[in-house]
Amino acid sequence: MDPSTEPGTLPTHTTVGEPEPSPPGSALCQTESRGTVLLQLLEFKTSLLEVVEELHIRRDAETRFEDQISTLVLEKQELEWEKVKYQVSAELKDKEINNLKEGLKALQLLKYNLEKKSSELEQKLALQSRSKDSHLNQLREVEKRFGVLSRQCAAVKQAHEKLEQNESTGGKVVDFSFEDNLLFIEQECVPLAMGAINLPTRLVDWSDA
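Mapping of the sequence shown onto the UniProt record's numbering: position 13 corresponds to residue 13, and the numbering continues sequentially without gaps.
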């Protein structure tokens, strides 16, 4: 029996440089520790990816919000410009309406003045027509009287010529009487003749007026 194998004795030979074998419990702990680290790394990586994805989503959302805000600002500016343009257009329309109202008032006043003047002219024409009729009636009356007096003058003149042939005293007395009648008739005829001559001139002046 080999004495080195006896109980209670140490082995007399060892292999230098070879690691001593680990006990089975230590290897299991190392494996569990490594698995825990890997699990933590995986969780960290997952969390990091989630954070990065959330940052990307938030950045995209902020970009969209900024674009929407810019669009809203532009739309607001356009609406303000449209509002200003409509206000200016409304002011111009109001001015145009006021000008049209003033023009309508002026036309109504002109119409009133024209109607008034037309009425006055109609009254004047009616008055002139009545005056013309009166003048024409006077002219006819003058012509009628002038014709009568002309015939009387012709008769007196004829009688006077006959009396001139009579040289007797009685004839001279009668002659004087006829001469007086002739003078009276001539005095009546002259104003009528002058009136008949001047009446057409007055009618012409009246028609020109």
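If you're looking for bench data, these hints aren't it; they were derived computationally from the structure. Backbone N, C-alpha and C fix where the C-beta goes; we use that ideal spot for every residue, glycine too. A few of these clues could be false.
Ranges between beta-carbon positions, derived for each pair [to be verified]: (1) 77 / 44: 47 to 53 Å; (2) 160 / 137: 31 to 37 Å; (3) 34 / 58: 31 to 37 Å; (4) 34 / 56: 31 to 37 Å; (5) 99 / 60: 55 to 61 Å; (6) 74 / 48: 54 to 60 Å; (7) 135 / 103: 51 to 57 Å; (8) 115 / 135: 28 to 34 Å; (9) 48 / 69: 29 to 35 Å; (10) 74 / 41: 34 to 40 Å; (11) 120 / 160: 54 to 60 Å; (12) 71 / 109: 54 to 60 Å; (13) 117 / 154: 51 to 57 Å.
DSS-like cross-link-like pairs, simulated, lysine-lysine; straight-line CA separation at most 25 Å [to be verified]: (14) 116 / 105; (15) 93 / 105; (16) 124 / 101.
Tested hints:
1. 77 / 44: 47 to 53 Å: At 48 Å between Cβs, range holds.
2. 160 / 137: 31 to 37 Å: With Cβ atoms ~34 Å apart, the hint holds.
3. 34 / 58: 31 to 37 Å: holds (36 Å)
4. 34 / 56: 31 to 37 Å: holds (33 Å)
5. 99 / 60: 55 to 61 Å: The hint (55 to 61 Å, Cβ to Cβ) holds, given that residue 99 and residue 60 are roughly 58 Å apart.
6. 74 / 48: 54 to 60 Å: About 39 Å separates the Cβ atoms of residue 74 and residue 48, which means 54 to 60 Å is violated.
7. 135 / 103: 51 to 57 Å: With Cβ atoms ~46 Å apart, the hint is violated.
8. 115 / 135: 28 to 34 Å: holds (30 Å)
9. 48 / 69: 29 to 35 Å: holds (31 Å)
10. 74 / 41: 34 to 40 Å: Given about 49 Å between the Cβ atoms, the range is violated.
11. 120 / 160: 54 to 60 Å: About 56 Å separates the Cβ atoms of residue 120 and residue 160, which means 54 to 60 Å holds.
12. 71 / 109: 54 to 60 Å: Distance hint for residue 71, residue 109 holds at roughly 56 Å.
13. 117 / 154: 51 to 57 Å: For residue 117 and residue 154 the Cβ distance comes to about 53 Å; the hint holds.
14. 116 / 105: holds (16 Å)
15. 93 / 105: OK: residue 93 and residue 105 at ~18 Å, within 25 Å.
16. 124 / 101: Violated: residue 124 and residue 101 sit about 34 Å apart, past 25 Å.
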